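Engineer: Just so you know, the sequences run in chain order A and B.
So that you can map any letter, position 57 of the first sequence is 57 in my numbering, and since no number is skipped, the others follow by simple counting.
So that you can map any letter, position 36 of the second sequence is 36 in my numbering, and since no number is skipped, the others follow by simple counting.
Do not take every clue at face value.
[Said to hold, decoys possible] Here are the simulated DSS-like pairs of lysine-lysine, each with C-alpha atoms no more than 27 Å apart in a straight line: (1) B:Lys147 <-> B:Lys101; (2) A:Lys81 <-> A:Lys63; (3) A:Lys37 <-> A:Lys86; (4) B:Lys111 <-> B:Lys147; (5) A:Lys138 <-> B:Lys162; (6) A:Lys86 <-> A:Lys138; (7) A:Lys45 <-> A:Lys13; (8) A:Lys107 <-> B:Lys162; (9) B:Lys104 <-> B:Lys32; (10) B:Lys147 <-> B:Lys78; (11) A:Lys13 <-> A:Lys108; (12) B:Lys147 <-> A:Lys138; (13) A:Lys107 <-> A:Lys70; (14) A:Lys169 <-> B:Lys170; (15) A:Lys108 <-> B:Lys170; (16) A:Lys16 <-> A:Lys108; (17) A:Lys108 <-> B:Lys99; (18) A:Lys70 <-> A:Lys86; (19) B:Lys147 <-> A:Lys169; (20) A:Lys138 <-> A:Lys220; (21) A:Lys45 <-> A:Lys107.
[Stated by the list, open to error] Partial selection, computed: residues in chain A whose CB lies under 7 Å from chain B: (22) Ile112; (23) Arg114; (24) Gly116; (25) Asn132; (26) Asn201; (27) Gln203.
[Unchecked claim] Residues from chain A that keep clear of chain B, each with C-beta distances beyond 12 Å, as calculated: (28) Lys81; (29) Gln99; (30) Gln117; (31) Arg150; (32) Ile171; (33) Leu208.
The set of hints was computed from the structure by calculation and includes no laboratory data.
Every value quoted in this text rests on a predicted model; they were computed, and no experiment measured them.
We put the CB at the ideal spot given by N, CA and C, even for glycine.
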Amino acid sequence: MINNRSLQNVMIKGTKDGLTLHLDDSCSIQNIIEELKGKLSTSFKRQGDELQTPVNLHTGNRKFSPEVEKTIISTIHSHSKLVVEKVLSNVLTIEECNQRIYDNEVKKIVGIVRSGQVLEAHGDVLLIGDINPGGEIKAAGNVFVIGTVRGVVHAGCEGNREAVFAASKIIAAQISIADVHTTINATELEDSTMQYCAYINEQNEIELDRLNVLKHLRPKLTRLEGGL
Amino acid sequence: MGEAIVITSGKGGVGKTTTTANVGTSLALLGKKVCLIDTDIGLRNLDVAMGLENRIIYDLVDVIEGRCKINQALVKDKRFDGLLYLLPAAQTSDKTAVKPKQMKALVNELKQDYDYVIIDCPAGIEQGYRNAVAGADKAIVVTTPEKTAVRDADRIIGLLEKEEGVEPPKLVINRIRSHMVHNGDMLDIDEITSHLSIDLIGIVVDDDSVIKAANQGEPIALDPNNKASIAYRNIARRILGESIPLNPLETQQIGVFSKIKKMFGVR
Chain A
1 MINNRSLQNV MIKGTKDGLT LHLDDSCSIQ NIIEELKGKL STSFKRQGDE
51 LQTPVNLHTG NRKFSPEVEK TIISTIHSHS KLVVEKVLSN VLTIEECNQR
101 IYDNEVKKIV GIVRSGQVLE AHGDVLLIGD INPGGEIKAA GNVFVIGTVR
151 GVVHAGCEGN REAVFAASKI IAAQISIADV HTTINATELE DSTMQYCAYI
201 NEQNEIELDR LNVLKHLRPK LTRLEGGL
Chain B
1 MGEAIVITSG KGGVGKTTTT ANVGTSLALL GKKVCLIDTD IGLRNLDVAM
51 GLENRIIYDL VDVIEGRCKI NQALVKDKRF DGLLYLLPAA QTSDKTAVKP
101 KQMKALVNEL KQDYDYVIID CPAGIEQGYR NAVAGADKAI VVTTPEKTAV
151 RDADRIIGLL EKEEGVEPPK LVINRIRSHM VHNGDMLDID EITSHLSIDL
201 IGIVVDDDSV IKAANQGEPI ALDPNNKASI AYRNIARRIL GESIPLNPLE
251 TQQIGVFSKI KKMFGVR
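Just chain A, with the same shape it has in the complex (with noise of 0.2 Å):
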């Protein structure tokens, strides 16, 4: 058993998607480089000019610093054709775990954004309440509004074109999505009562349409886990 374990602080394993190198996440990190320069020199030796083959590593239930990840990369590229691609782990970094939640919030406001307030966001807003004239919604995401749409709204406003804008009642609003701009008035609209969304369309310009083709359009919005 001992010995066993000795020898399978490294494993290398071959899947479809290529190979991964494991690395186990009890063992020091000694034990990692030495056993594998051993591994690695016999196996995977670097013969004349022959390509490299990519892998990846998989630290298991370990987060290793940039320092020790950066030793072990160079061991592996020092004693092997290897060329390590990507490193993988069990593990998230309060700091990346923090990063993803706030790319993928939706911010849920609940009151009027007023002439003069801008409300900026990283990721989709959900607006319970009425955007008035010179009012503004800022968002990275989609834009949703339980409520009436008078002012402007910037739904994607780093560059995501498939960002989508929905609201229960559009009376007068300037709609952006990424670099695509259009202005509405409820004149305009065949039925004001109805609810509205906007997206970019084939011709690369904003269309309105009725709520329920966003289904067949964004099939990505829905993130319904479970089933209906």
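Take the given structure of chain A and dock chain B to it, following the hints.
Structural biologist: Just chain B now, kept in the frame of chain A:
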């Protein structure tokens, strides 16, 4: 300990000063001890509307800079028995002469002695506005049924909502012309309230005698039979917590009613 109410609008010329003068007068008529503060430094008006222009000796800036005591600067309105006072704005300085912190201290001091401190705010959203709002507990936003005024009111409400220590503002719609609303030429009350979505505290009809009264230095609220006067008195009673129904045509109905009463010689 009284409360401080700031009267503001964003846009100029919608009737902030008139509203301040009349609401203050109405509160004094109801027996409350009221102090009016004009914060429009450099462009003072409230003293003129109240007819107290000639009696100003010291002003707001004198008090702030310690040249006099508060009581020396307060102008007493002789029509009321020690119930109504005015702290006038300076005419020779500008708005930067006062800082919000100083205003707050001043208003807090006045709140000890008065039931209501009514602050008349200058137009705009700069220093003058920040000074006026600094010490306020409550806010009244005045607007007229015009799109421009409603836009500015919306902006002001947004700023007031961010202000700490100020209760959600209440709305006064001033200068309603019922025939124009009736014809659809003017924004109606529902349109304005649904747009601004804050509570309405009063509706004042447009009346020529308001201008006449202001020119004479007699706030219209002193006239018991005028439509606009009744509207201002109702605002004062609502401030005191009485529940008086808000009927868009309230002033007219009461007007008719008082006419009938007059016919029978009842006053």
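Engineer: CA of Lys70 of chain A to CA of Lys86 of chain A, is that 27 Å or under?
Structural biologist: 12 Å, holds
Engineer: Would the hint linking Lys108 of chain A and Lys99 of chain B be met if the CA-CA limit is 27 Å?
Structural biologist: 36 Å, violated
Engineer: Between Lys37 of chain A and Lys86 of chain A, is the straight-line Cα distance small enough, at 27 Å or below?
Structural biologist: 19 Å, holds
Engineer: Run the distance test for Lys13 of chain A versus Lys108 of chain A: straight-line Cα separation, threshold 27 Å.
Structural biologist: Violated, at roughly 45 Å.
Engineer: Hey, is Gln117 of chain A genuinely clear of chain B, shortest beta carbon separation above 12 Å?
Structural biologist: 5 Å, violated
Engineer: Holds or violated: is the Cβ of Gln99 of chain A farther than 12 Å from all Cβ atoms of chain B?
Structural biologist: 29 Å, holds
Engineer: For the hint on Gly116 of chain A, does the least C-beta distance to chain B fall short of 7 Å?
Structural biologist: 5 Å, holds
Engineer: Once the closest CB in chain B is found, is it more than 12 Å from Lys81 of chain A?
Structural biologist: 62 Å, holds
Engineer: Does the structure keep Lys86 of chain A and Lys138 of chain A at a Cα separation of 27 Å or less?
Structural biologist: 34 Å, violated
Engineer: Can the hint on Arg114 of chain A be confirmed by a CB-to-CB distance to chain B that is less than 7 Å?
Structural biologist: 3 Å, holds
Engineer: Assess, step by step, whether the Cα of Lys111 of chain B is no farther than 27 Å from the Cα of Lys147 of chain B, and give holds or violated.
Structural biologist: Not OK: Lys111 of chain B and Lys147 of chain B at ~36 Å, beyond 27 Å, violated.
Engineer: Taking 7 Å as the limit, does the beta-carbon of Asn201 of chain A come near enough to a beta-carbon in chain B?
Structural biologist: Hint on Asn201 of chain A: violated, closest Cβ of chain B at ~32 Å, above 7 Å.
In summary, the structure is inconsistent with hints 1, 4, 6, 10, 11, 13, 16, 17, 21, 26, 27, 30, 31, 32 from the numbered list given earlier, while agreeing with the others.
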